[in-house]
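K.L.:
Protein sequence lines correspond, in order, to chains A and B.
FYI, my numbering numbers position 65 of the first sequence as 65, with every residue one higher than the one before it.
FYI, my numbering numbers position 165 of the second sequence as 165, with every residue one higher than the one before it.
Be a bit skeptical, because a hint or two may be false.
Said to hold, decoys possible - Covered by chain B, per the in silico footprint, the following chain A stretches (three or more residues, Cβ under 8 angstroms):
1. 60-70
2. 179-192
3. 215-221
What the hints assert, rightly or not - Computed beta-carbon distance windows for the label pairs:
4. B:S288 / A:D249: 32 to 38 angstroms
5. A:N166 / B:L240: 56 to 62 angstroms
6. B:W172 / A:L134: 38 to 44 angstroms
To be verified - For lysine to aspartate or glutamate, the following DMTMM-like pairs were computed, each having C-alpha atoms within a straight-line distance of at most 20 angstroms:
7. B:K375 / A:E98
8. B:K374 / A:E75
9. A:K137 / B:E377
10. A:K18 / B:D20
11. A:K261 / A:E299
12. B:K2 / A:E299
13. B:K4 / A:E62
14. B:K375 / A:E73
15. B:K4 / A:E98
No wet-lab data here; the hints were simulated from the structure.
We treat Cβ as the ideally placed atom computed from N, Cα and C, and that holds for glycine.
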Amino acid sequence: MAPSEAIKTNALQKRFGKVTAVEELSLGVKSGELFGLVGSDGAGKTTTLRMLAGIMDPTGGETLVLGRNMAQEAEEVRGDIGYMSQRFGLYPDLTVLENLRFYADIHMIPARERGGRIDELLGFSNLTPFKERLAGKLSGGMKQKLGLACALVHRPRVLFLDEPTNGVDPVSRRDFWRILHGLLGEGVTILVATAYLDEAERCHRVGLMHRGRLLACDTPKGLKGLMTGGVLEFTTEEPRRAVRLLSADFPSGSVALFGEKLHLYYADDPEEARERAIASLKKAGLEAPRVRQVEPSLEDLFVSLLR
Amino acid sequence: MKAKRVSAVARKEFLHVLRDWRSLGIGIAIPLVMLFLFGYALTLDVDRVPLVVWDQSQTPASRTFIGGFSASRYFQLVGEAGGYGEIERAIEARRAVIALVVPVDFARGVASGRGSSVQAIIDGSDSNVASYALGYAEGVTRSYSNQVTLDSMRRGGLPQPAAGLDLEPRVWFNSDMESRNYIFPGLIAVVMMVIAALLTSLTVAREWEVGTMEQLIATPVTRGELILGKLIPYFCIGMLDLLLAILVGEFVFDIPMRGQLWLIFASCSVFLAGALSLGMLISIVTKSQFLSSQIALVATMLPAFLLSGFVFPIANMPYPIQLFTHVITARYFVTLLRGIYLKGLGLRLLVGEALFLLAFAALVLTLAHHKLRKKIE
C-alpha cells in the first residue's frame, strides 16, 4: 500500500445471511483527501463505513486504514480515527459540555489541553452559547455539529462521517461543509457518506454506490465525463404528465424529474431528441415547452448510470 | 486499563442516574419500600389467635380455665358460642381460628380428680397457624391442670411432688424468637440481589438502543474500562442501600446487630460485585432494555426469594432442589448476613460462603468481559 493512501479496501464484502449489503467494493482514499461515498438509502454506505471504522467485520475482503487491517487491528488506530455514526450517537441526557468532556477523557486528552481544545471545538461549531444545554434538546443541525465536535476532539487523522447532514437545514449544512473544508487544511483525510448529490460535488473524489457495489469512482468532473451524450432541460406547465408521455417514447431511464424541471438524457444527437420530444408533447396537446441544454450534474449522471 | 477512562465512564454513568428519576427510584426508593413492606408484613410469628368459647359448664372453674386463654398474648377471645352451629359459623366466617368446648361436667370432673376433656376445634386450612394455635392451647391447658394438681395436693396436706425432669430452654442469638430478626438480614440480601441486577441490566442495553454504543466502540475505550466504569456508580448505590437498610433495621425494626459492621460491608461489596456483573452480563447479551430487565428480575427475584433460605428453610426442600440452591448466590449472602448480624460470627466461620461469592463475581465478570464485543453484528 502506498503510504499516501490513508484508506483502502480490497474486494470488501458484507453479507447478512442471504442479503448482500456490500459486494466487491475496492477503493482507495489518498491522505488529505475529501472523499464522498454517494448512494441512495440501502446502497450499503453505512455498512461500508462501519467496516472502515472497524466496528463491523466484513465477510470477505479487507479494509486498511492507516495501514492497519480494521478487522483485527482496529484498536491500534482508534486514537487516529474519528467516526460519526448516522444516528445521533451522543448522550441526550448530558449537556453539550459533558458530552465533549466525556469523549475528551475517553481519548485521554491531558487535563491542561482539554479546556482549550473544547473551547476551540465549541467555537468553530458555534455551540458556545449552548454548552450548558442538554444534547437531546439541541436542534438537528446543532446535534450534528456536536457529533462532529465529539468525533474531532482527539484530532483524528482520518474521519468517517455517515450522512452527517441528513435532515439538517440548508444553513447548518453549509456551516457543516465549511467546517469540513477547514479540516482539510489540517491534513485530515475525510470520507463522508451522503445521499445528497450536491454535497458530493464539494468532494475531491466521489464513489457512486448502488446496491452494495461501487458503480464508478472519480472526481466529480471526471464522473460527469462518463456520461455519454448530454442533458436537455424542459420547462413545462405539466411536468408530471410530460414525464409520462416522454417515458413512453424514449428508452427507459432517459427521463427524470428534478423539481419542476424535466431532464431528458440523449445519447448522441441533441437536435433529434429535442424535436422528437416536442412533437410527442404537442401530439398530446401540451403547449410547447421551453428547452435548453444544461451541464450534466452528478445527479444526472447517477440517474443515467442506473439506466 | 486507564484510570482516566474508567473514571470518565463512571462519571457519565453517575450523570445518567442522577438525571433519570426512574433509575434513582429503582436504586433507592424500591429497596426502602421493600424493606418496610416485608419488614412489617412478613412475620411468621402467630399471636392473638381469635378464639370462641362454648362454656357449657358456666362455673368458676371453667371461667378460670378460659381466663388462662384470654390472658395469654397468643389468644384473643372474640366471642362466646351457644352451640356447634355458632362455632361452625364463626370459623367459616374466619372470625375465629380456634374454638373451645367446655363440657357441662367440667367443674365436677376437675374437683373430683377424675379429670375432664375440653374439645378444641381448629381451622386447619392454614396449617402453620393451626399448629401454632394447637401448641399454644396445649400449653395453656397444661399449665391449668398443673395448677389444679398442685392446689389439690396442698389442700389435702400432701407433700409437694418430687421434682421431675425440667426443661429449661435458653434461646441463643435471637432470644425473643422474633421472626423479624431472622427475616430482616435475609431480606437485605434479597433486596440487594434484585436491585443490583436490575440496575445494571439496563446500562449496556440502553447504549445499544440509544445508539451511543456505536459511537463508543469506535473510541479507544477498552471493554474492561467500560464494564468497570459502569459498575462503579451502581456499586455506590448498592452500598448506600446497605447503609439505609442497616439504619432501618437499627432504628425502625430494632434488629439487634451483633457482628462487626465492616464485615457486613465487606461481604456485601463482594456480593454486589457478583450481582451487578450478572445484570451487566444479561444487558450485554440481550442488548434490549426491556428483555434484559425482565430476565434480570426472573433470574434474581424468584431464586432469591424462594431458594435462598430467606423464608423457606433449605433443609425442608426436596433433595434435587437443595442441590440447586448451591448455585444461588443469594443463599450464601443470606447465610453470611444472618451469621454476622444475629450471631456476631467472624470471617473464620463464614469463609466458605465468602469465597463462593468471590468466585461467582469473578466468573460473571469474566463472562461479561468476554461477551462484550466492540463490534456490531
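K.L.:
Now tell me, hint by hint, if it's right for this structure.
P.N.:
Structure-based check of all given hints:
Only residues whose C-beta sits within less than 8 angstroms of a C-beta in chain B count toward coverage, and the segment 60-70 of chain A has 0 of them, not enough to reach three; the restraint is violated. For the segment 179-192 of chain A, the stated coverage by chain B is violated: 0 residues have a C-beta nearer than 8 angstroms to a C-beta of that chain, whereas at least 3 were required. Counting residues of the segment 215-221 of chain A whose beta carbon lies closer than 8 angstroms to any beta carbon of chain B gives 0, which falls below the threshold of three, so the coverage claim is violated. About 54 angstroms separates the C-beta atoms of S288 (chain B) and D249 (chain A), a value inconsistent with the hinted range of 32 to 38 angstroms.
Restraint check, N166 (chain A) to L240 (chain B): a C-beta distance of roughly 43 angstroms breaks the suggested window 56 to 62 angstroms. For the pair W172 (chain B) and L134 (chain A), the beta carbons lie near 57 angstroms from each other, so the given range of 38 to 44 angstroms is not met. Between the alpha carbons of K375 (chain B) and E98 (chain A) the distance comes to roughly 25 angstroms, so the proposed pair goes past 20 angstroms and is violated. For the hint pairing K374 (chain B) with E75 (chain A), the CA-to-CA distance comes to about 9 angstroms; that is within 20 angstroms, so the pair holds.
Note on K137 (chain A) and E377 (chain B): the hinted pairing is violated, with a Cα-Cα distance of about 30 angstroms set against a maximum of 20 angstroms. The straight-line distance between the Cα atoms of K18 (chain A) and D20 (chain B) is roughly 41 angstroms, outside the 20 angstroms bound, and the hint therefore fails. Using a Cα cut-off of 20 angstroms, the hinted pair K261 (chain A) and E299 (chain A) holds, with the two alpha carbons roughly 13 angstroms apart. The straight-line distance between the Cα atoms of K2 (chain B) and E299 (chain A) is roughly 48 angstroms, outside the 20 angstroms bound, and the hint therefore fails.
Distance restraint check for K4 (chain B) and E62 (chain A): the Cα-Cα separation of roughly 33 angstroms exceeds the 20 angstroms cut-off, and the hinted pair is therefore not satisfied. Restraint check for K375 (chain B) and E73 (chain A): the C-alpha separation of about 12 angstroms stays at or below 20 angstroms, so the hint holds. The suggested pairing of K4 (chain B) with E98 (chain A) holds, with an alpha-carbon distance near 15 angstroms, which does not exceed 20 angstroms.
Checked against the numbered hints given earlier, the structure breaks hints 1, 2, 3, 4, 5, 6, 7, 9, 10, 12 and 13 and satisfies all the rest.
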